[in-house]
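Protein chains in written order, with the working numbering: chain A, 579 to 836; chain B, 101 to 461; chain C, 22 to 377.
Each hint should be verified, as a subset may be incorrect.
Unchecked claim - To list a few chain A residues with every Cβ distance to chain C over 12 Å, as calculated:
hint: 1; residue: T604
hint: 2; residue: I640
hint: 3; residue: E682
hint: 4; residue: Q705
hint: 5; residue: R719
hint: 6; residue: D813
hint: 7; residue: D814
What the hints assert, rightly or not - 30 Å max Cα-Cα, derived DSS-like pairs, lysine-lysine:
hint: 8; chain 1: B; residue 1: K451; chain 2: C; residue 2: K69
hint: 9; chain 1: A; residue 1: K826; chain 2: A; residue 2: K596
hint: 10; chain 1: A; residue 1: K694; chain 2: C; residue 2: K168
hint: 11; chain 1: C; residue 1: K69; chain 2: A; residue 2: K771
hint: 12; chain 1: A; residue 1: K689; chain 2: C; residue 2: K69
hint: 13; chain 1: C; residue 1: K69; chain 2: B; residue 2: K269
hint: 14; chain 1: A; residue 1: K694; chain 2: A; residue 2: K717
hint: 15; chain 1: C; residue 1: K168; chain 2: B; residue 2: K359
hint: 16; chain 1: A; residue 1: K695; chain 2: A; residue 2: K708
hint: 17; chain 1: B; residue 1: K271; chain 2: C; residue 2: K282
hint: 18; chain 1: A; residue 1: K825; chain 2: A; residue 2: K596
hint: 19; chain 1: A; residue 1: K596; chain 2: C; residue 2: K168
hint: 20; chain 1: A; residue 1: K694; chain 2: A; residue 2: K825
hint: 21; chain 1: C; residue 1: K120; chain 2: A; residue 2: K695
hint: 22; chain 1: A; residue 1: K596; chain 2: C; residue 2: K69
hint: 23; chain 1: C; residue 1: K269; chain 2: A; residue 2: K696
hint: 24; chain 1: C; residue 1: K269; chain 2: A; residue 2: K695
hint: 25; chain 1: A; residue 1: K773; chain 2: A; residue 2: K696
hint: 26; chain 1: B; residue 1: K363; chain 2: C; residue 2: K69
To be clear, the hints were calculated from the coordinates, so they are not data collected in a lab. All figures in this text were calculated on a predicted structure; none of them were measured in a lab. Built from N, CA and C at the ideal position, the CB exists for glycine as well.
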Amino acid sequence: MAKRIEASNVSSYYGSFKAIDSISMTVEPKTITALIGPSGCGKSTFLRSINRMHEVLPNARIEGRLTIDEQNIYDADVDVTAVRRLIGMVFQRPNPFPTMSIYENVVAGLKLNGVKKKSLLDDAAEQSLKSANLWNEVKDRLNRPGAGLSGGQQQRLCIARTIAVEPQVVLMDEPCSALDPISTLAIEDLMFKLKDRFTIIIVTHNMQQAARVSDKTGFFSIDKTGDPGRLIEYDDTQKIFSNPTQKKTEDYITGRFG
Amino acid sequence: MSVLESEQSDVVMRPDNIRTRTLPLVANLATAVVAFIVSAVVVLTTGIGNWVLVVVLGAVLYLVGLNIVASRVEGRRAARDKMWRAAIYSACLLAILPLASVVWTLVSKGVDRLDGNFFGTSMNNIGARDAGGGAYHAIIGTLEQVGIASLIAVPLGVLGAIYLVEYGKGKFANTVRFFVDVMTGIPSIVAGLFVLSFWVLIVSPWFNNGQPRFSGFAASLALSVLMLPTIVRSTEEMLRLVPGPLREGAYALGVPQWKTIVKIVLPTALPGIVTGVMLAIARAAGETAPVLLVAGGAAAINFDPFAGNQSSLALFVYQQAGDASKYAPARAWTAALTLVAIVLVLTIAAKLLARRNSLTR
Amino acid sequence: MGDNPSRSTDANAGGAGVTGRHASPVGIGVSPSSYEEPPFGGGGALPKKSRFSMESGFRGLSVASGAMVLVIIVAIAAFLISKAVPAISADKVNFLSFKEWFPNETEPRFGIAALAFGTVLSSVIALIVAVPISLGIALFLSHYAPKRLATPLGFVMDLLAAVPSVVFGLWGRDVFQAPVADFSVWLNHYFGWIPIFGGEGPFGQSIMLGGLVLAIMVLPIVTSLSREVFQQTPGMNEEAALALGATKWEMVRTAVLPYGKPGVIAAVMLGLGRALGETIALALTLGLVYNISFNLIQVGGNSIAANIATTFAEANDTGRGALIASGLVLFAITLVVNMAARAIIYRRREFRDSAA
Numbered sequence: 579m580a581k582r583i584e585a586s587n588v589s590s591y592y593g594s595f596k597a598i599d600s601i602s603m604t605v606e607p608k609t610i611t612a613l614i615g616p617s618g619c620g621k622s623t624f625l626r627s628i629n630r631m632h633e634v635l636p637n638a639r640i641e642g643r644l645t646i647d648e649q650n651i652y653d654a655d656v657d658v659t660a661v662r663r664l665i666g667m668v669f670q671r672p673n674p675f676p677t678m679s680i681y682e683n684v685v686a687g688l689k690l691n692g693v694k695k696k697s698l699l700d701d702a703a704e705q706s707l708k709s710a711n712l713w714n715e716v717k718d719r720l721n722r723p724g725a726g727l728s729g730g731q732q733q734r735l736c737i738a739r740t741i742a743v744e745p746q747v748v749l750m751d752e753p754c755s756a757l758d759p760i761s762t763l764a765i766e767d768l769m770f771k772l773k774d775r776f777t778i779i780i781v782t783h784n785m786q787q788a789a790r791v792s793d794k795t796g797f798f799s800i801d802k803t804g805d806p807g808r809l810i811e812y813d814d815t816q817k818i819f820s821n822p823t824q825k826k827t828e829d830y831i832t833g834r835f836g
Numbered sequence: 101m102s103v104l105e106s107e108q109s110d111v112v113m114r115p116d117n118i119r120t121r122t123l124p125l126v127a128n129l130a131t132a133v134v135a136f137i138v139s140a141v142v143v144l145t146t147g148i149g150n151w152v153l154v155v156v157l158g159a160v161l162y163l164v165g166l167n168i169v170a171s172r173v174e175g176r177r178a179a180r181d182k183m184w185r186a187a188i189y190s191a192c193l194l195a196i197l198p199l200a201s202v203v204w205t206l207v208s209k210g211v212d213r214l215d216g217n218f219f220g221t222s223m224n225n226i227g228a229r230d231a232g233g234g235a236y237h238a239i240i241g242t243l244e245q246v247g248i249a250s251l252i253a254v255p256l257g258v259l260g261a262i263y264l265v266e267y268g269k270g271k272f273a274n275t276v277r278f279f280v281d282v283m284t285g286i287p288s289i290v291a292g293l294f295v296l297s298f299w300v301l302i303v304s305p306w307f308n309n310g311q312p313r314f315s316g317f318a319a320s321l322a323l324s325v326l327m328l329p330t331i332v333r334s335t336e337e338m339l340r341l342v343p344g345p346l347r348e349g350a351y352a353l354g355v356p357q358w359k360t361i362v363k364i365v366l367p368t369a370l371p372g373i374v375t376g377v378m379l380a381i382a383r384a385a386g387e388t389a390p391v392l393l394v395a396g397g398a399a400a401i402n403f404d405p406f407a408g409n410q411s412s413l414a415l416f417v418y419q420q421a422g423d424a425s426k427y428a429p430a431r432a433w434t435a436a437l438t439l440v441a442i443v444l445v446l447t448i449a450a451k452l453l454a455r456r457n458s459l460t461r
Numbered sequence: 022m023g024d025n026p027s028r029s030t031d032a033n034a035g036g037a038g039v040t041g042r043h044a045s046p047v048g049i050g051v052s053p054s055s056y057e058e059p060p061f062g063g064g065g066a067l068p069k070k071s072r073f074s075m076e077s078g079f080r081g082l083s084v085a086s087g088a089m090v091l092v093i094i095v096a097i098a099a100f101l102i103s104k105a106v107p108a109i110s111a112d113k114v115n116f117l118s119f120k121e122w123f124p125n126e127t128e129p130r131f132g133i134a135a136l137a138f139g140t141v142l143s144s145v146i147a148l149i150v151a152v153p154i155s156l157g158i159a160l161f162l163s164h165y166a167p168k169r170l171a172t173p174l175g176f177v178m179d180l181l182a183a184v185p186s187v188v189f190g191l192w193g194r195d196v197f198q199a200p201v202a203d204f205s206v207w208l209n210h211y212f213g214w215i216p217i218f219g220g221e222g223p224f225g226q227s228i229m230l231g232g233l234v235l236a237i238m239v240l241p242i243v244t245s246l247s248r249e250v251f252q253q254t255p256g257m258n259e260e261a262a263l264a265l266g267a268t269k270w271e272m273v274r275t276a277v278l279p280y281g282k283p284g285v286i287a288a289v290m291l292g293l294g295r296a297l298g299e300t301i302a303l304a305l306t307l308g309l310v311y312n313i314s315f316n317l318i319q320v321g322g323n324s325i326a327a328n329i330a331t332t333f334a335e336a337n338d339t340g341r342g343a344l345i346a347s348g349l350v351l352f353a354i355t356l357v358v359n360m361a362a363r364a365i366i367y368r369r370r371e372f373r374d375s376a377a
């Protein structure tokens with residue numbers, strides 16, 4: 579299921595502003611990779627470049643190669659919708675569709691992809707909610723609006739919605755930044771569980787979280803405001819947090835900077 | 101096996117396939133050409149219609165054809181996306197056609213009588229065979245009626261908005277707010293009938309020896325009923341945009357609330373309020389029905405808004421449109437052009453003012 | 022401490038009141054109740070709230086202005102009823118079911134049936150034509166057009182909304198009537214077997230012409246309101262749909278349309294309110310006959326508002342009363358439609374605010 583992601587010399591622009599500068603990294607299948615760094619260093623931009631959500635914003639464009647199992651997702655003949663279904667995304671703030679019930683939210687992606695049979699949808703909804711550790715909490719109120727859940731439950735609902743379409747890779751853009759510590763813990767548990775099936779890349783501001791959940795960590799930084807973000811160091815998480823090679827990484831990890 | 105794979109093989113993006121085929125532009129254009137040729141052949145050989153039908157049928161055939169061709173090449177979902185995009189673009193084109201026609205007619209027919217005589221004379225003593233005549237009296241009427249209506253509606257509207265924003269709380273304020281919104285939907289003819297039954301038929305006889313009397317002022321009353329809700333709403337929105345700390349800063353200095361409102365809140369919101377007032381005036385200037393009912397319309401110049409019939413530009417257009425004289429249509433179109441020019445200048449000025457407004461930016 | 026606004030404000034409430042109060046010796050006007058409050062500074066009592074001041078005057082003025090709206094709405098109903106009742110009681114036939122309009126005769130006979138029917142029919146046609154196109158334009162402006170095109174086009178739509186109805190009426194009669202008449206002849210020739218397109222003519226100033234002109238007038242209102250609603254769709258819901266692999270249209274269908282549905286319904290109803298009350302454009306484009314017929318293309322059609330505008334000039338006392346009675350019916354219809362639309366908008370706003 580899970581896929582290897584390879585970025586080589588990826589640069590992203592918003593109009594004439596260069597947000598990230600030639601990022602190269604390889605993400606192995608069935609691992610959790612954390613991207614850390616100060617605000618505005620381009621880690622979210624890089625994450626959004628991986629499933630081509632970057633180009634949703636006006637005037638955004640990208641240079642370089644980004645491959646998923648050797649296929650460049652930026653080739654001219656690539657179907658954007660296929661890429662996004664293959665590489666799912668969980669956002670910073672929980673964003674269930676406000677007009678839909680819990681059940682409808684989970685199966686929204688499947689319905690878009692043409693699955694109509696009720697029994698299949700029911701099964702998929704149950705499986706996804708179970709995978710997202712949400713089933714026991716919502717199984718009695720699947721037809722209630724998704725917006726009625728707590729923040730942490732909503733975020734797990736969004737994760738269920740994302741994995742329902744069976745992606746290869748799951749991108750998470752600061753998924754816990756709007757949540758309380760207990761909900762955060764629940765999401766982290768969930769990530770460990772999902773690691774068996776998906777390649778996970780998570781952007782986080784929380785260094786403890788990065789140290790707790792990830793196998794590999796990439797540190798992004800900028801020289802000053804207006805400069806493009808760069809990947810300073812990318813290595814095993816343990817190495818980054820115990821013995822980084824770069825001075826900048828060490829400064830950031832130890833809290834002397836950013 | 102995953103749910104997606106078991107259900108619909110043609111839409112599943114297998115891990116090894118993220119490629120798609122896109123319909124080349126040439127194919128798209130070819131579909132269009134074929135659609136219109138087919139349509140032309142069908143329509144013209146059977147003789148069931150003219151070029152309009154060719155275009156309409158061609159457009160429908162193109163949309164259907166595009167959907168079929170694209171779903172063969174790109175798949176069902178991409179084809180549907182393309183078709184809806186085409187439909188949305190055509191909706192825009194379709195709406196622009198009548199607009200362009202209105203503008204074109206206004207200008208081309210309106211310039212005929214765009215001369216000094218039109219703006220300098222009234223319709224007094226202009227018979228059906230006379231080519232001259234103008235809208236001077238109507239312009240006077242419009243200016244006076246709208247001016248008086250503004251004098252009534254603007255203070256009331258601004259004060260009402262102040263109530264809603266600064267003082268109003270609880271059920272009563274919500275009721276007022278609700279009915280302000282409802283009042284924006286009152287038809288202008290109903291406002292005219294209201295003033296007719298209230299002012300013209302009941303009040304005005306007191307001042308006129310028991311005889312009901314049409315007047316420009318009655319029209320002003322009706323127009324102010326129509327302007328009031330618009331002004332309340334736009335002013336309310338502007339007042340709400342005034343930052344709370346600005347008020348609190350004044351309260352903290354011990355400035356009383358009314359003074360805070362008059363000296364600080366209103367001046368801050370002023371550009372926005374003026375914008376709203378100008379839009380309301382523009383709308384009122386174009387109203388025909390209330391003026392017809394309570395000012396009656398007149399051919400001669402009447403400067404006195406409180407006594408006797410008056411006309412207005414909009415009413416002038418309507419009455420000339422109903423006039424049998426062969427010179428009437430030209431007068432109607434020129435008056436319409438003048439009216440649209442006034443309304444648009446007001447509207448555009450209001451919008452530009454809004455754009456420069458620091459609160460809404 | 023000491024942040025009671027009414028007290029601090031009144032301490033400085035302008036003019037004579039202040040001098041008057043300050044002139045009185047400290048402590049004199051202090052009622053026992055003020056001892057219950059925590060004592061301030063030097064133990065002197067604070068100036069008391071006066072009953073008449075600029076504050077209460079200004080407040081009263083603004084409350085009165087706000088209440089004026091309610092007064093006007095009630096007054097409209099009251100005065101229309103007061104003039105309508107005598108006319109209706111003079112009516113020799115049933116006001117609600119009679120189709121024709123002869124209020125100026127010695128034996129007045131008039132009824133609202135045909136007029137109300139024409140009003141509703143022309144408005145419904147206008148909506149059927151205008152709503153799909155409006156939604157298309159609104160989506161174009163909010164989600165499809167590049168910003169450089171959307172801004173000026175939205176501006177043009179707003180200008181279109183400002184054009185007076187008499188201009189559309191004039192255009193409809195002088196310019197649009199000929200093509201609609203040709204179209205009617207064509208429809209009659211090929212689709213005459215459908216009752217709504219039947220008849221022997223003449224064609225032209227028909228319900229269809231009036232309905233289409235109304236459609237053009239309703240278009241900008243529905244468009245600008247729905248565009249606003251569509252633009253309010255939370256960006257994160259749109260992104261969620263896209264991230265699931267939705268195409269643009271699927272994103273619109275999953276995130277934008279369901280979110281905007283109540284707002285669009287309200288916009289359509291406001292458009293309906295405008296169409297029902299439109300006077301001059303219909304007075305110029307309809308055939309103005311008193312008849313209930315579903316035929317769309319023959320010369321004919323009438324509406325409450327158009328009838329008021331066209332027959333007012335020759336109306337006598339009863340005639341005026343009759344027209345006012347018909348206006349009362351129109352007022353009631355539009356009031357119901359507008360209140361329903363506003364109620365939807367208000368419920369939606371509460372829903373949105375509580376969700377935020």
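Verification of the hints:
1. No Cβ of chain C approaches the Cβ of T604/A within 12 Å, the least distance being about 23 Å, so the stated non-interface status holds.
2. With a least beta-carbon separation of about 16 Å from chain C, I640/A lies farther than 12 Å from that chain, consistent with its non-interface assignment.
3. With 12 Å as the threshold on Cβ separation, the claim that E682/A sits away from chain C is violated: the shortest Cβ distance comes to roughly 10 Å.
4. No Cβ of chain C approaches the Cβ of Q705/A within 12 Å, the least distance being about 17 Å, so the stated non-interface status holds.
5. No Cβ of chain C comes within 12 Å of the Cβ of R719/A; the nearest lies about 18 Å off, and the non-interface call holds.
6. The claim that D813/A is not at the interface with chain C holds, since no C-beta of that chain comes within 12 Å of its own (minimum 29 Å).
7. The claim that D814/A lies off the interface holds: its Cβ sits roughly 29 Å from the closest Cβ of chain C, which is beyond the 12 Å cut-off.
8. Distance hint between K451/B and K69/C is unfulfilled; the C-alpha atoms sit about 47 Å from each other, more than 30 Å.
9. The straight-line distance between the Cα atoms of K826/A and K596/A is roughly 21 Å, inside the 30 Å bound, and the hint therefore holds.
10. Our distance criterion of 30 Å between C-alpha atoms is broken by K694/A and K168/C, whose separation comes to about 36 Å.
11. For the hint pairing K69/C with K771/A, the CA-to-CA distance comes to about 69 Å; that exceeds 30 Å, so the pair is violated.
12. As the CA atoms of K689/A and K69/C are separated by approximately 69 Å, the hinted pair breaks the 30 Å bound.
13. With a C-alpha separation of about 25 Å, the suggested pairing of K69/C with K269/B holds against the 30 Å cut-off.
14. Taken as a hint, the K694/A and K717/A pair is honoured in the structure, with Cα atoms around 21 Å apart against an allowance of 30 Å.
15. A hinted pair counts as satisfied when its Cα atoms are at most 30 Å apart, and K168/C with K359/B does not qualify at roughly 42 Å.
16. Restraint check for K695/A and K708/A: the C-alpha separation of about 20 Å stays at or below 30 Å, so the hint holds.
17. Under the criterion of a C-alpha separation no larger than 30 Å, the hint pairing K271/B with K282/C is consistent with the structure, at around 27 Å.
18. The suggested pairing of K825/A with K596/A holds, with an alpha-carbon distance near 24 Å, which does not exceed 30 Å.
19. Of the supplied pair hints, the one linking K596/A and K168/C holds, its CA atoms being roughly 22 Å apart against a limit of 30 Å.
20. Using a Cα cut-off of 30 Å, the hinted pair K694/A and K825/A is violated, with the two alpha carbons roughly 55 Å apart.
21. Between the alpha carbons of K120/C and K695/A the distance comes to roughly 54 Å, so the proposed pair goes past 30 Å and is violated.
22. Proximity of K596/A to K69/C is assessed by CA-CA distance (about 64 Å); at most 30 Å being required, the pair is judged violated.
23. Our distance criterion of 30 Å between C-alpha atoms is met by K269/C and K696/A, whose separation comes to about 25 Å.
24. Our distance criterion of 30 Å between C-alpha atoms is met by K269/C and K695/A, whose separation comes to about 24 Å.
25. The straight-line distance between the Cα atoms of K773/A and K696/A is roughly 29 Å, inside the 30 Å bound, and the hint therefore holds.
26. Restraint check for K363/B and K69/C: the C-alpha separation of about 24 Å stays at or below 30 Å, so the hint holds.
Hint violations for this structure: numbers 3, 8, 10, 11, 12, 15, 20, 21, 22, all remaining hints satisfied.
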